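Colleague: Sequence:
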Amino acid sequence: MSFMFHPYPYADPSAVNKIEVPESVKKELTSGILNVAKKISALFDGGVKSIGIDAYPGAEYETLVNVLKQQLATKNVEFVDATDVLLPSDVITAKVKPYLPEDREVDPVLLYGRRYTEGYRGLQDAEKIAELNEKIKNAKRIIVYGKGALSEALQDAFDIRIWMDVTPRTAVLNCKNGKNRNIGLTEELPYALMMRRNYYVDFETAMEQRWKMMRSRKIDYYISADIPEKMQMLSFSALLDLFRELNRRPFRCRPVYLEGVWGGYYVHRLRNLPPEMKNCAWVFDMIPLEVSLAAKLGDGEFEVPFFTFVQAMGEELLGHKAFTEFGGYFPIRFNYDDTFHSSGNMSIQCHPGEEYVVSNHGEFGRQDESYYVVIADQGAKTYLGFNEPDSCEKFFEEAERVEKTHELMDYEKYVNAVPSIPGTQVMIPAGTIHASGRNQVILEIGSLTVGSYTYKLYDYQRLDITTGLPRPIHLKMGRDVIRGERDKEWVKNNLVNHGGLVREGDGFREIVVGEHELLYFSLRNLIFEREITDNTNGLFHVLALVNGEKVRVESINDPTLYYDMNYLDMAVIPASFGEYRIKNLGVGTVTVHKTHLKN
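Number 48 in the working numbering belongs to position 46 of the sequence shown; there are no gaps in the numbering.
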């Protein structure tokens with residue numbers, strides 16, 4: 003898994019959730035930029051004097067503002083750009099510099115940083131804020147728009163507050179296509195540096211502000227704006243009604259697909275992805291901060307960032323344990339890595355432990371992972387741990403040498419390989435050297451990190467297919483976090499297929515396929531012929547249909563609340579869902595992979 007710098011521009015039409023549309027949504031939904039602008043403009047006729055319009059980075063808010071200016075041209079409305087109250091560009095750059103270190107010996111391509119936590123209060127000019135607050139107070143009719151318009155220092159001044167959201171997929175694509183600049187900058191940074199600053203500063207600032215505004219109910223209207231001319235607006239109360247309806251049932255997030263140098267073709271063919279895609283390496287089916295959630299509304303749909311939904315639903319979705327222990331974040335991430343019939347392996351890599359990732363990146367905790375082998379072809383392997391106790395130092399010496407000479411190295415002399423057989427579950431605690439080998443599809447499940455910290459140790463001297471440049475190697479970071487004592491014996495005894503029978507009955511059984519003291523989630527398989535029942539017991543579940551054609555996940559108390567999963571689909575079962583049944587809608591025995599927090 004990696005930062006989402008290059009999502010493929012494709013919104014999967016199969017990942018839309020059918021719901022019973024709330025009456026408030028039917029009544030209040032406003033569609034199309036002209037109608038949205040007309041509704042906002044009409045607010046002034048009802049006695050409103052001040053409107054603030056803020057936006058997630060990458061949202062094309064200027065398009066809406068231009069239409070508003072046309073519609074309100076004769077209404078004596080003053081428009082103020084919120085960027086006018088930002089600190090000077092060079093001052094902001096200096097402020098965020100400690101969060102974006104530039105040590106190329108440690109981080110050759112400047113990929114990593116540290117999470118910025120000061121919000122807009124660290125980016126806006128206090129004197130200008132005071133002046134703008136006074137202007138809003140005395141204005142007859144005013145619209146303040148742009149990034150930071152609803153910052154904590156300004157939001158209470160407005161009669162109406164509007165938040166304009168875009169999915170992470172669209173936010174990144176708009177940045178890539180020159181439709182966004184970093185907060186406070188007058189010139190566009192090179193793309194990679196722009197995105198690093200986005201992930202550590204801009205996106206963090208916007209997500210935290212959106213979260214606080216939702217908690218305090220300081221949003222009056224919400225705009226879904228992935229396609230500006232087709233934007234949709236709901237009152238915040240109607241949006242919450244929509245979210246509650248979604249949260250009553252199992253649901254599927256809209257995946258994001260990414261090409262990659264080791265990308266394969268299994269998921270590409272299975273899901274009929276666009277033929278123009280070179281391959282499909284990463285399938286972000288349920289990366290909480292990168293995917294979206296779409297609901298069917300009549301002939302159309304309403305799409306929001308999944309994390310907006312998480313922020314709004316909180317404990318109802320996550321359950322008390324997850325909500326309190328992980329601060330309201332969705333604490334587990336899921337994706338498929340596809341190397342099926344590809345040209346090579348995933349890079350040899352490792353991830354940091356808690357002390358390192360917290361102190362160096364400002365993250366919440368360690369980055370642990372796991373791989374479940376879904377499909378494998380001839381000769382497929384999963385690399386995990388070192389061969390011998392002394393292999394670690396030998397590996398790093400050789401990797402450092404070939405990084406300079408650009409030779410290939412015989413990595414299998416040092417790195418242990420586990421045969422990849424469908425159904426194999428391996429756990430990858432932080433610090434364990436690992437890689438997915440060629441010719442397989444794995445279900446990758448990992449712990450909560452806002453960013454992604456994959457320290458590549460060896461990458462076969464490959465060039466990145468997007469940039470054409472050598473893929474970055476992070477040997478110094480890797481040395482700092484590697485657990486060299488984890489050799490093949492330790493791996494065999496601790497990390498591969500560890501679990502046992504949980505329960506069984508007529509035509510069904512549940513088994514633990516992976517648990518480890520360092521991982522806070524439990525990995526299980528539900529194997530059945532006709533059906534199996536389960537209960538969330540206050541914990542959210544995430545299901546993946548890893549073997550079988552189609553299943554239905556339905557509430558036992560109300561079978562009208564269901565989701566039909568096709569092969570390799572993932573579904574989230576809200577913690578509040580309670581007792582549920584999974585029915586086999588195909589033929590043969592099926593396997594559903596289930597993940598939840600340990601009790």
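In case anyone wonders, no lab produced these hints; they're calculated from the structure.
Bear in mind that the values here come from a model prediction, so they are computed numbers and not experimental data.
Do not rely on the hints blindly, as some may be mistaken.
[To be verified] DSS-like cross-link-like pairs, simulated, lysine-lysine; straight-line CA separation at most 27 Å:
hint: 1; residue 1: K415; residue 2: K494
hint: 2; residue 1: K28; residue 2: K41
hint: 3; residue 1: K220; residue 2: K51
hint: 4; residue 1: K29; residue 2: K130
hint: 5; residue 1: K40; residue 2: K99
hint: 6; residue 1: K323; residue 2: K181
hint: 7; residue 1: K280; residue 2: K298
hint: 8; residue 1: K51; residue 2: K40
hint: 9; residue 1: K178; residue 2: K40
hint: 10; residue 1: K596; residue 2: K323
hint: 11; residue 1: K139; residue 2: K20
hint: 12; residue 1: K77; residue 2: K130
hint: 13; residue 1: K71; residue 2: K298
hint: 14; residue 1: K20; residue 2: K232
hint: 15; residue 1: K51; residue 2: K41
hint: 16; residue 1: K552; residue 2: K20
hint: 17; residue 1: K220; residue 2: K28
hint: 18; residue 1: K71; residue 2: K41
hint: 19; residue 1: K298; residue 2: K585
hint: 20; residue 1: K71; residue 2: K20
hint: 21; residue 1: K478; residue 2: K490
hint: 22; residue 1: K415; residue 2: K323
hint: 23; residue 1: K137; residue 2: K28
hint: 24; residue 1: K181; residue 2: K232
hint: 25; residue 1: K71; residue 2: K142
hint: 26; residue 1: K232; residue 2: K29
hint: 27; residue 1: K178; residue 2: K232
hint: 28; residue 1: K478; residue 2: K406
hint: 29; residue 1: K41; residue 2: K142
hint: 30; residue 1: K396; residue 2: K280
hint: 31; residue 1: K20; residue 2: K478
hint: 32; residue 1: K585; residue 2: K596
Colleague: All the hints need checking, so say for each whether the structure fits it.
Modeller: Right, here's what the structure says about each hint:
This hinted pair checks out: K415 and K494 have alpha carbons roughly 18 Å apart, not beyond 27 Å. A C-alpha spacing of about 16 Å is found between K28 and K41, which places the hinted pair at or below 27 Å, so the restraint holds. For the hint linking K220 to K51, the alpha-carbon distance of about 17 Å falls within 27 Å, and the restraint holds. Pair hint K29 plus K130 does not hold up; C-alpha atoms about 40 Å apart against a cutoff of 27 Å.
For the hint pairing K40 with K99, the CA-to-CA distance comes to about 42 Å; that exceeds 27 Å, so the pair is violated. Distance hint between K323 and K181 is unfulfilled; the C-alpha atoms sit about 40 Å from each other, more than 27 Å. At most 27 Å may separate the alpha-carbon atoms for a hinted pair to count; K280 and K298 exceed this at roughly 30 Å. Of the pairs offered as hints, the one joining K51 and K40 holds, with about 16 Å between alpha carbons and a cut-off of 27 Å not exceeded.
A C-alpha spacing of about 31 Å is found between K178 and K40, which places the hinted pair above 27 Å, so the restraint is violated. Only pairs whose Cα atoms come within 27 Å are accepted, and K596 paired with K323 is accepted, the gap being roughly 18 Å. The suggested pairing of K139 with K20 is violated, with an alpha-carbon distance near 44 Å, which exceeds 27 Å. With a C-alpha separation of about 26 Å, the suggested pair K77 and K130 falls inside the 27 Å cut-off, and the hint holds.
The hinted pair formed by K71 and K298 fails the criterion: a straight-line CA distance of about 32 Å is larger than 27 Å. Distance hint between K20 and K232 is fulfilled; the C-alpha atoms sit about 20 Å from each other, no more than 27 Å. Straight-line distance between C-alpha atoms of K51 and K41 comes to about 15 Å, which keeps the hinted pair within the 27 Å bound. Only pairs whose Cα atoms come within 27 Å are accepted, and K552 paired with K20 is accepted, the gap being roughly 17 Å.
Straight-line distance between C-alpha atoms of K220 and K28 comes to about 23 Å, which keeps the hinted pair within the 27 Å bound. A threshold of 27 Å between alpha carbons decides the hint, and for K71 with K41 the separation of about 13 Å falls inside it, so the pair holds. The suggested pairing of K298 with K585 holds, with an alpha-carbon distance near 23 Å, which does not exceed 27 Å. At most 27 Å may separate the alpha-carbon atoms for a hinted pair to count; K71 and K20 exceed this at roughly 37 Å.
Restraint check: the Cα-Cα separation between K478 and K490 comes to about 24 Å, which is no more than 27 Å; the hinted pair holds. Taken as a hint, the K415 and K323 pair is broken in the structure, with Cα atoms around 44 Å apart against an allowance of 27 Å. Between K137 and K28, the direct Cα distance comes to roughly 37 Å. Violation of the 27 Å bound is thereby established for this hinted pair. Restraint check for K181 and K232: the C-alpha separation of about 17 Å stays at or below 27 Å, so the hint holds.
Simply put, K71 and K142 have alpha-carbon atoms about 16 Å apart, close enough for the 27 Å limit, and the pair holds. For the suggested pair K232 and K29, the alpha carbons sit about 18 Å apart, so the restraint of at most 27 Å is met. Of the pairs offered as hints, the one joining K178 and K232 holds, with about 21 Å between alpha carbons and a cut-off of 27 Å not exceeded. Restraint check for K478 and K406: satisfied, since their Cα atoms lie roughly 14 Å apart, inside the 27 Å limit.
Proposed proximity of K41 and K142 is supported: the alpha carbons are some 19 Å apart, at most 27 Å. Distance restraint check for K396 and K280: the Cα-Cα separation of roughly 36 Å exceeds the 27 Å cut-off, and the hinted pair is therefore not satisfied. For the suggested pair K20 and K478, the alpha carbons sit about 49 Å apart, so the restraint of at most 27 Å is broken. Proposed proximity of K585 and K596 is supported: the alpha carbons are some 15 Å apart, at most 27 Å.
Hints 4, 5, 6, 7, 9, 11, 13, 20, 22, 23, 30 and 31 from the list above are not met by this structure, while the remaining hints are.
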